[in-house]
Amino acid sequence: MYEKRSKDISVPKNRTSLLKGVRFQRYRLKTSSEIVRYGYYGRGKDSISLGREDDPEFLSRLSAARKPEAPSDTINGLIRRYRSSVEFSRLRPLTRRDYLKQLDRIELKFGKLSMRAMSDRSIAEHIYAWRDDMAGSPRRADYAIQVLKLLLSWGVKRGFVETNRAIGVERLYRADRREQSWSGEQVDAFIQSAPEPLARALVLAIETGQRQGDLLALPWSSLKHDVIELRQSKTRQPVAIPVSRALKACLESAPRGRATTILTRADGLPWDPKGNGFRAAWRDACKKAGIVGVTFHDLRGTFVTRRLAEGWTTLEVAVCTGHSLRDLSMLDSYTDRSKVAEATARRVADRELRNG
6 MYEKRSKDIS VPKNRTSLLK GVRFQRYRLK TSSEIVRYGY YGRGKDSISL GREDDPEFLS
66 RLSAARKPEA PSDTINGLIR RYRSSVEFSR LRPLTRRDYL KQLDRIELKF GKLSMRAMSD
126 RSIAEHIYAW RDDMAGSPRR ADYAIQVLKL LLSWGVKRGF VETNRAIGVE RLYRADRREQ
186 SWSGEQVDAF IQSAPEPLAR ALVLAIETGQ RQGDLLALPW SSLKHDVIEL RQSKTRQPVA
246 IPVSRALKAC LESAPRGRAT TILTRADGLP WDPKGNGFRA AWRDACKKAG IVGVTFHDLR
306 GTFVTRRLAE GWTTLEVAVC TGHSLRDLSM LDSYTDRSKV AEATARRVAD RELRNG
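Here the working numbering is used: the first residue of the sequence shown is 6, the next is one more, and so on.
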């Protein structure tokens, strides 16, 4: 990628004191012949690489490198260990970035406490108080507690912390979408008025129960005869979904252009995997079709509701959606119970008539 250009150079005296202690090396990029500078904090074998000088993360790496090493028996020390762990390194880049923000908050609040103190029963009161101080932003509060739970659970498994006192702390934010499933009329209206690429996206979502990001990246190679197989990006859970008749008809009629993904734009190219462009197009299509009160993510709940109404077991649904088999009650948050109850009652009534 690059070749070494020169030996170490000192930081010019007129540089800001922010870069004190940083040395640079120049490299020539093989691809463009551009000369770039890579920074290092400290000297010798213990020096820390800071990356390219023009990297947006350069100063944050420098800040982290300058932090004095936390005592090993404190929560600061636990955070340092976790950030260096295999588990943390395996997180997606965006997740790591979000976790680092929360770990900084945890460090400010609990960092100086010993791990023994963090295991004491009395600490639960302080964790609740910390959560309640953030109650003005419930999702932010819940996310901070989520990362604290994860950190302490990691510490318990490694033997650093005796007890995870954050385990029982409840969430503040409650989003009840159980009655927000798409009706048949809404589905028909959308498919009739939306451009084919978006109609295809709706059918794929409502017939697989997968999240938007996974569907935008879903390749044709994931289709194995009458089953779609993938590993979800959020949970890393492997899932397998039987291809319904409606989905099979949709896939057979879908254009196969240059893209390897099932979902494409009108020009045949893949959508941005982060949803840029797709979300705006989806909003416009919903507005045109007169769709209100439901979201793309509600198609996931609609899949759950429909399958349970058809008589699927919760285990069969969970294998498709990726929910934990240890806690199938999570499916309840996606299920419109009134529709399931109605379908179940009709199915039982029909059975009684046949047996009567």
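Keep in mind the hints are simulated off the structure, nothing from the lab.
Heads up, some of the hints might be wrong.
As the list claims (entries may be wrong) - Simulated restraints, written as ranges between beta carbons of each label pair:
#: 1; residue 1: ARG57; residue 2: GLU175; range: 43 to 49 Å
#: 2; residue 1: ARG145; residue 2: PRO247; range: 21 to 27 Å
#: 3; residue 1: LEU113; residue 2: HIS230; range: 51 to 57 Å
Said to hold, decoys possible - Restricting the straight-line Cα-Cα distance to at most 20 Å, the calculated cross-link-like pairs of lysine-lysine (PhoX-like) are:
#: 4; residue 1: LYS106; residue 2: LYS229
#: 5; residue 1: LYS154; residue 2: LYS106
#: 6; residue 1: LYS279; residue 2: LYS239
#: 7; residue 1: LYS154; residue 2: LYS117
#: 8; residue 1: LYS253; residue 2: LYS279
#: 9; residue 1: LYS154; residue 2: LYS239
#: 10; residue 1: LYS106; residue 2: LYS117
#: 11; residue 1: LYS293; residue 2: LYS253
What you are looking at is a predicted structure, and each value in this text was computed from that prediction instead of being measured.
Glycine residues also receive a C-beta, built at the ideal position from the N, C-alpha and C atoms.
Consistency of the hints with the structure:
Checked against the hint of 43 to 49 Å, the pair ARG57 and GLU175 passes, with Cβ atoms roughly 44 Å apart. In this structure, ARG145 and PRO247 break the distance hint of 21 to 27 Å, their C-beta atoms being roughly 39 Å apart. Judged by the Cβ atoms, the range 51 to 57 Å given for LEU113 and HIS230 holds: they are separated by roughly 53 Å. The suggested pairing of LYS106 with LYS229 is violated, with an alpha-carbon distance near 40 Å, which exceeds 20 Å.
Between the alpha carbons of LYS154 and LYS106 the distance comes to roughly 15 Å, so the proposed pair stays at or under 20 Å and holds. Taking the CA atoms of LYS279 and LYS239, the gap is about 13 Å. The hint holds against a cut of 20 Å. With a CA separation close to 18 Å, the supplied pair LYS154 and LYS117 stays within the 20 Å bound. Distance restraint check for LYS253 and LYS279: the Cα-Cα separation of roughly 26 Å exceeds the 20 Å cut-off, and the hinted pair is therefore not satisfied.
A C-alpha spacing of about 18 Å is found between LYS154 and LYS239, which places the hinted pair at or below 20 Å, so the restraint holds. Restraint check for LYS106 and LYS117: the C-alpha separation of about 18 Å stays at or below 20 Å, so the hint holds. A C-alpha spacing of about 26 Å is found between LYS293 and LYS253, which places the hinted pair above 20 Å, so the restraint is violated.
Hint compliance for this structure: hints 2, 4, 8, 11 are broken, all remaining hints hold.
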